[in-house]
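Engineer: All chains should be built: construct the whole structure from the sequences, respecting the hints.
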Amino acid sequence: MISTFGSFSMAKLGIRSSQQGLQITGNNITNINTNGYTRQRINQVSLYGSTADRFSVASDVRIGMGSLVTSVTQIRDPFLDIRYRNEASNLGFYDEKMGNLEELKSILDEVSKDGIHTSFENIRTQLQNLANNPTSDVNDRLVRSACQELVSLLNKYAADLNTQKDTALKGFDQNVDEVNKMLTQIRDLNKEIRKSQIHGDNALELLDRRNTLIDQLSEMTRIKVTYSDEKITEGLVVDRVKIELDAPGQDPTKRPVLVDGEFANELEIQPLGPDGKPDLTHTGDYQIRLKGLTNTQGETPILAEMRDKIDTLNQLTNGLQSINQQITDVNTKIADWNKELTAANPAWTEDLFTDPTKNEQQFKTLRDNLSKAREELKKNPGDAAAKTNFEKAQSDLAVFSRLNEQRKDLDNQKTRLDSKFNSQFGVLEKQLQDQGLTVTKTKDATTGTYTIKVSGGTTTPPMAEQTLIDGTMAKPPLKFDIAENAGKNGYDMQLGGKSFKNVENKALDAAANKIGVNQDQWHGALKADLEYLNGKGEFGNPPSQIRGIAYYQSSLDTLAQSFANTMNKINQDPNKPGDENLFDAGDPNNPDKKITASNISISAGWKNGTVKITTST
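Numbering (our numbering), first residue to last: 1 to 617.
Calculated from the structure, these hints are not laboratory results. Careful: at least some of the hints might be erroneous.
As the list claims (entries may be wrong) - For lysine to any residue, the following SDA-like pairs were computed, each having C-alpha atoms within a straight-line distance of at most 25 Å:
#	residue 1	residue 2
1	Lys501	Gly298
2	Lys254	Leu236
3	Lys569	Thr614
4	Lys242	Gln185
5	Lys291	Val176
6	Lys479	Ile310
7	Lys430	Thr415
8	Lys392	Thr415
9	Lys170	Ile82
10	Lys170	Gln435
11	Lys224	Ile334
12	Lys105	Ile546
13	Lys506	Leu403
14	Lys364	Leu403
15	Lys339	Lys392
16	Lys420	Ile334
17	Lys594	Asp160
Said to hold, decoys possible - Across the chosen pairs, the derived CB separations fall in these ranges:
#	residue 1	residue 2	range
18	Ala510	Gln174	23 to 33 Å
19	Lys181	Thr440	45 to 55 Å
20	Glu504	Asn33	25 to 35 Å
21	Ala510	Thr328	23 to 33 Å
22	Glu504	Ser562	52 to 62 Å
23	Ser562	Ser145	55 to 65 Å
Values in this document were obtained by computation on a predicted structure and should not be read as measured data. Even glycine gets a Cβ: it sits at the ideal position worked out from N, Cα and C.
Structural biologist: See below:
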């Protein structure tokens, strides 16, 4: 039968669990309109405090002791996350594309306002009027006026398209900057979440903020998010998030990495102008380049790993030197002990304390002397000499015992320090050997301190032998460090300024995912921007169905060239070939300049009246 206080405890646990459940419910209701909030729930277990007794009877029933809330978790479906983010990528693409096309529509609107089509109709009408009255100068001027209207419209469209290209490129640059901010924030949140989980906090609010950023990122491009467990210690595991570009049909092992734990990549539009911004004068395709994964200190994964190794090596080296110093301090104490030994009894030697056989014999001698003195004092209680001998024998045994305990303690300290040194040296030796180094350790027979020398490595030529730790304590340990390679093709791991391992930029860039990414690998808003800026349609090489600003610029140029060349050709007088051009590139100093929509103009001859439409043709 349950005890009275057992019932109270069960009720208390039940009330507490219910109270915590109500708190979670209240928190969920309060945050119902909070952007990015994920509904939470408590995880509750039945509390049972003991097992059945070995000799319990069948009528005994094991009853629980109440309920216990073990944790608070989020109700989130990973499958729905994937579906949502894939569709968000499509939504981002079409939203951005629609916005770009709306801007384009405002320039090339041939439906709601007069445009090129109307101008051509006007030219056709004026040409028909001229055909009806070929000798009329007025009709010739009216044709020229209609053509000037078309030329001005083509010039304006070309200028507006160039302006729109600049605006689109700046918008593209802003989108890339926004993506870079998201990647940086996700990286920083990864670091905070990792730290919180190590300290036992689920960090649910930080997870919400990270999920919100990942959802926003999925609108900019299609991504693959991978959650894995990072083992910190036995029984302690934290979340690790990796975000990659997810292009259909791509090799899964070669996906460009955007975020990997505490490292984030950075996007950069290529080519860049002198101001470090995307080049507005570029006439080719724009690309997005990944500048490489870095942590909050700006280090790439390999460089950060090298830095961790260097820091660990220096910590181990300093720790070993500290042990050497402690051994030296013990030696100083032993020297002081020897002085005390000489002062206590010049006849005593150090080997009486370090040689077990002599030590035992000396103890036996002192004890025998004390026994004899005690017996002599018992026989002659009032004898001053007997009393003095007894006191001296008693003092000698006490002093010897004290000195013996001190020496044992000092020797034990040296033994423990030796063991500690050898243990830490084993760790250091393993890490140095992993870097291709050869390590030697020697122990000074007199002082007991250690000297460590290092040589080798993977450089050519290998590093000459250097004294990492000087057992004489004459100088501090050499320092491990990282330095930029003299040839500037990477970084060197160094000891005392001498290189023993080199990591080239190729390896650094590969590990950091510092690569160019094809246009087809991007999705979402970034893909829409790239297609808008780069899409050449039928003018591309090879031709494609993607039409952007470049396509409409080329179409407009082709229209201007075809119109001008056709009009110039049919206006040629057989008797004066080449002198009857109605249109040119608007540059009198360069009449052979290629005609485009931006430079097409009425020829100088047609303007001043020396050239007219050749009515005979």
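Engineer: Now tell me if each hint is right for this structure.
Structural biologist: Status of each hint after checking the structure:
| no. | hint | in the structure |
| --- | --- | --- |
| 1 | Lys501 / Gly298 | holds, 21 Å |
| 2 | Lys254 / Leu236 | violated, 31 Å |
| 3 | Lys569 / Thr614 | holds, 11 Å |
| 4 | Lys242 / Gln185 | holds, 14 Å |
| 5 | Lys291 / Val176 | holds, 12 Å |
| 6 | Lys479 / Ile310 | holds, 9 Å |
| 7 | Lys430 / Thr415 | holds, 23 Å |
| 8 | Lys392 / Thr415 | violated, 34 Å |
| 9 | Lys170 / Ile82 | violated, 31 Å |
| 10 | Lys170 / Gln435 | violated, 47 Å |
| 11 | Lys224 / Ile334 | violated, 66 Å |
| 12 | Lys105 / Ile546 | holds, 16 Å |
| 13 | Lys506 / Leu403 | violated, 65 Å |
| 14 | Lys364 / Leu403 | holds, 16 Å |
| 15 | Lys339 / Lys392 | holds, 20 Å |
| 16 | Lys420 / Ile334 | holds, 20 Å |
| 17 | Lys594 / Asp160 | holds, 20 Å |
| 18 | Ala510 / Gln174: 23 to 33 Å | holds, 30 Å |
| 19 | Lys181 / Thr440: 45 to 55 Å | holds, 52 Å |
| 20 | Glu504 / Asn33: 25 to 35 Å | violated, 53 Å |
| 21 | Ala510 / Thr328: 23 to 33 Å | violated, 47 Å |
| 22 | Glu504 / Ser562: 52 to 62 Å | holds, 54 Å |
| 23 | Ser562 / Ser145: 55 to 65 Å | violated, 21 Å |
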